[in-house]
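Protein chains in written order, with the numbering used here: chain A, 1 to 114; chain H, 1 to 114.
Treat the hints as calculated values from the structure; they're not laboratory data.
A couple of the hints might just be wrong.
Away from chain A, derived, C-beta distances all over 10 Å, residues of chain H [to be verified]:
(1) S12
(2) D22
(3) V24
(4) T30
(5) L45
(6) S61
(7) T72
(8) I79
(9) T80
(10) V84
(11) T103
(12) K106
(13) V112
Dumping the calculated DSBU-like pairs for lysine-lysine here, alpha-carbon to alpha-carbon at most 35 Å [said to hold, decoys possible]:
(14) H:K38 <-> H:K70
(15) H:K3 <-> A:K69
(16) H:K70 <-> A:K69
(17) A:K71 <-> H:K101
(18) A:K18 <-> A:K57
(19) H:K3 <-> A:K57
(20) H:K38 <-> H:K16
(21) A:K18 <-> A:K69
(22) A:K18 <-> A:K65
(23) A:K18 <-> H:K101
(24) A:K57 <-> H:K70
(25) H:K16 <-> A:K71
(26) H:K38 <-> A:K71
(27) A:K18 <-> A:K71
(28) H:K16 <-> H:K106
(29) A:K65 <-> H:K101
(30) A:K17 <-> A:K65
(31) A:K57 <-> H:K38
Backbone N, C-alpha and C define an ideal beta-carbon position, used for all residues, glycine too.
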Amino acid sequence: EAQVTQNPRYLITVTGKKLTVTCSQNMNHEYMSWYRQDPGLGLRQIYYSMNVEVTDKGDVPEGYKVSRKEKRNFPLILESPSPNQTSLYFCASMDRNSYNSPLHFGNGTRLTVT
Amino acid sequence: AQKVTQAQTEISVVEKEDVTLDCVYETRDTTYYLFWYKQPPSGELVFLIRRNSFDEQNEISGRYSWNFQKSTSSFNFTITASQVVDSAVYFCALTSEANSKLTFGKGITLSVRP
Numbered sequence: 001e002a003q004v005t006q007n008p009r010y011l012i013t014v015t016g017k018k019l020t021v022t023c024s025q026n027m028n029h030e031y032m033s034w035y036r037q038d039p040g041l042g043l044r045q046i047y048y049s050m051n052v053e054v055t056d057k058g059d060v061p062e063g064y065k066v067s068r069k070e071k072r073n074f075p076l077i078l079e080s081p082s083p084n085q086t087s088l089y090f091c092a093s094m095d096r097n098s099y100n101s102p103l104h105f106g107n108g109t110r111l112t113v114t
Numbered sequence: 001a002q003k004v005t006q007a008q009t010e011i012s013v014v015e016k017e018d019v020t021l022d023c024v025y026e027t028r029d030t031t032y033y034l035f036w037y038k039q040p041p042s043g044e045l046v047f048l049i050r051r052n053s054f055d056e057q058n059e060i061s062g063r064y065s066w067n068f069q070k071s072t073s074s075f076n077f078t079i080t081a082s083q084v085v086d087s088a089v090y091f092c093a094l095t096s097e098a099n100s101k102l103t104f105g106k107g108i109t110l111s112v113r114p
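Bound conformation, chain H alone (with noise of 0.2 Å):
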């Protein structure tokens, strides 16, 4: 089985701070696929990133960054200077090659305030 966990459920922060959001994942395949969705107040899901298991590099795009580290089964998400439009609920999701089922966490709703 499959599993995504966001712990945190709600975060506030004040504008300009950096914010960093957990997930952690279980699996017992080998080849999997990790995926950031940020679902604003309008409620369409966006996509933010897609990592392959054989790929541990972390990725930057802007404020946005990712760490990936298979060790802790983890693919944490940090928004650095967060902005009042990074407020939305955002979903780490899991599939894998055996497994064709997409899993989602539960979601963090993540408030900026001015």
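The shape of chain A in the complex, shown without the other chains (with noise of 0.2 Å):
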């Protein structure tokens, strides 16, 4: 089955203690990126990935990193997480390259940071 997989769904952490979200695709899909979603603001991008090796800021990077050594995953770091960083994550992936593919997302992971 065609998916993207995000771990873990569920994180509730501490000011400062380094955390990485997870997310894998089974679809070959070069593109892959990441979002956050928070009341009243939507959808917003924080870094995507049009390649292996290749990434770039969305319109919130601060505080995130991410890598991608290889087409299937695309891990989110926190380097030193903080409050405002309490939100839902979305990763998702796409065949830019297709008439009609989707952005296919993960279901999500929600970060609490106390």
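Bring the two chains, given one by one in their own frames, into a single complex with the hints.
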């Protein structure tokens, strides 16, 4: 089954404790992206990647890092989480070369930073 | 820069009413792609449609229909004979050939009352 898998689904942590949210897709998509969703603000893009070893900042990259060492994985790293990074995070992938390809989303990771 | 505006924030209707969700977009690119996603209370993002800028045909899928008008930069979504299960947050999104960012609107919360 074609899917984007994010882990964990829920995460509670404390300020300053480094964490990684994993994302993996099995569709051989070149394009992957991370979003955060906050009430009243919709979904905002954090980082995206057009291909292996190619990453670019989205609209809200501060406080986040990503890496794309292999096509299927695109982890989101919070080196020193802060309470304002409490949010719902989504990973997504897409075949940008396909005429009707949707953006496939993972099921989300709800992060709470205390 | 690209932008998506969903001016309606919350809409409440009674079951069986028709409802239209508005989406207005801005982009300087000539080749671009528009999406609609549904986010039910369970939180996942469900793909509804992708429309490419070179295809202005309107689309109907069951009770759902989409009206794409380049002249007014709009991509509106109509639900006919709404049902309680249509209650969700609906997002419109835009990306383009030249700009790899995917920009979402802030979403419209639709409540369908029995």
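Here's how the hints hold up against the structure:
The beta carbon of S12 (chain H) sits about 18 Å from the closest Cβ of chain A, which is more than 10 Å, so the claim that it is off the interface holds. For D22 (chain H), the requirement that its beta carbon stay farther than 10 Å from each beta carbon of chain A is met, with the minimum near 15 Å. Under the 10 Å C-beta cut-off, the non-interface status given to V24 (chain H) relative to chain A holds; the minimum distance is some 14 Å. The claim that T30 (chain H) lies off the interface holds: its Cβ sits roughly 16 Å from the closest Cβ of chain A, which is beyond the 10 Å cut-off.
Non-interface call for L45 (chain H) relative to chain A: violated, since the shortest CB-CB distance, roughly 4 Å, does not exceed 10 Å. Every CB of chain A lies more than 10 Å from the CB of S61 (chain H), the least distance being 13 Å, so the non-interface label holds. Taking the minimum C-beta to C-beta distance to chain A, about 22 Å, the non-interface status of T72 (chain H) holds against the 10 Å cut. Non-interface status of I79 (chain H) relative to chain A is upheld: no Cβ of that chain comes within 10 Å, the nearest being about 19 Å off.
Non-interface call for T80 (chain H) relative to chain A: holds, since the shortest CB-CB distance, roughly 22 Å, exceeds 10 Å. Residue placement check: V84 (chain H) keeps its beta carbon more than 10 Å from all beta carbons of chain A (closest about 23 Å). Remark: the non-interface label on T103 (chain H) conflicts with the geometry, its nearest Cβ contact in chain A lying 7 Å away (cut-off 10 Å). With a minimum CB-CB distance of about 4 Å to chain A, K106 (chain H) fails to clear the 10 Å threshold, and the non-interface call is violated.
Distance check on V112 (chain H): its Cβ is at least 21 Å (rounded) from any Cβ of chain A, clearing the 10 Å threshold; non-interface status holds. For a cut-off of 35 Å, the pair hint linking K38 (chain H) to K70 (chain H) stands: about 23 Å separates their Cα positions. For a cut-off of 35 Å, the pair hint linking K3 (chain H) to K69 (chain A) stands: about 31 Å separates their Cα positions. Only pairs whose Cα atoms come within 35 Å are accepted, and K70 (chain H) paired with K69 (chain A) is rejected, the gap being roughly 39 Å.
Straight-line distance between C-alpha atoms of K71 (chain A) and K101 (chain H) comes to about 18 Å, which keeps the hinted pair within the 35 Å bound. For the hint linking K18 (chain A) to K57 (chain A), the alpha-carbon distance of about 20 Å falls within 35 Å, and the restraint holds. Distance restraint check for K3 (chain H) and K57 (chain A): the Cα-Cα separation of roughly 17 Å lies within the 35 Å cut-off, and the hinted pair is therefore satisfied. Our distance criterion of 35 Å between C-alpha atoms is met by K38 (chain H) and K16 (chain H), whose separation comes to about 19 Å.
The hinted pair formed by K18 (chain A) and K69 (chain A) meets the criterion: a straight-line CA distance of about 20 Å does not exceed 35 Å. Distance restraint check for K18 (chain A) and K65 (chain A): the Cα-Cα separation of roughly 11 Å lies within the 35 Å cut-off, and the hinted pair is therefore satisfied. With a C-alpha separation of about 27 Å, the suggested pairing of K18 (chain A) with K101 (chain H) holds against the 35 Å cut-off. Of the supplied pair hints, the one linking K57 (chain A) and K70 (chain H) holds, its CA atoms being roughly 29 Å apart against a limit of 35 Å.
With a CA separation close to 45 Å, the supplied pair K16 (chain H) and K71 (chain A) exceeds the 35 Å bound. Taken as a hint, the K38 (chain H) and K71 (chain A) pair is honoured in the structure, with Cα atoms around 27 Å apart against an allowance of 35 Å. Restraint check: the Cα-Cα separation between K18 (chain A) and K71 (chain A) comes to about 24 Å, which is no more than 35 Å; the hinted pair holds. With a C-alpha separation of about 26 Å, the suggested pairing of K16 (chain H) with K106 (chain H) holds against the 35 Å cut-off.
For the proposed pair K65 (chain A) and K101 (chain H), the alpha carbon gap of about 17 Å is at most 35 Å, so the pair holds. Between K17 (chain A) and K65 (chain A), the direct Cα distance comes to roughly 14 Å. Compliance with the 35 Å bound is thereby established for this hinted pair. Taken as a hint, the K57 (chain A) and K38 (chain H) pair is honoured in the structure, with Cα atoms around 25 Å apart against an allowance of 35 Å.
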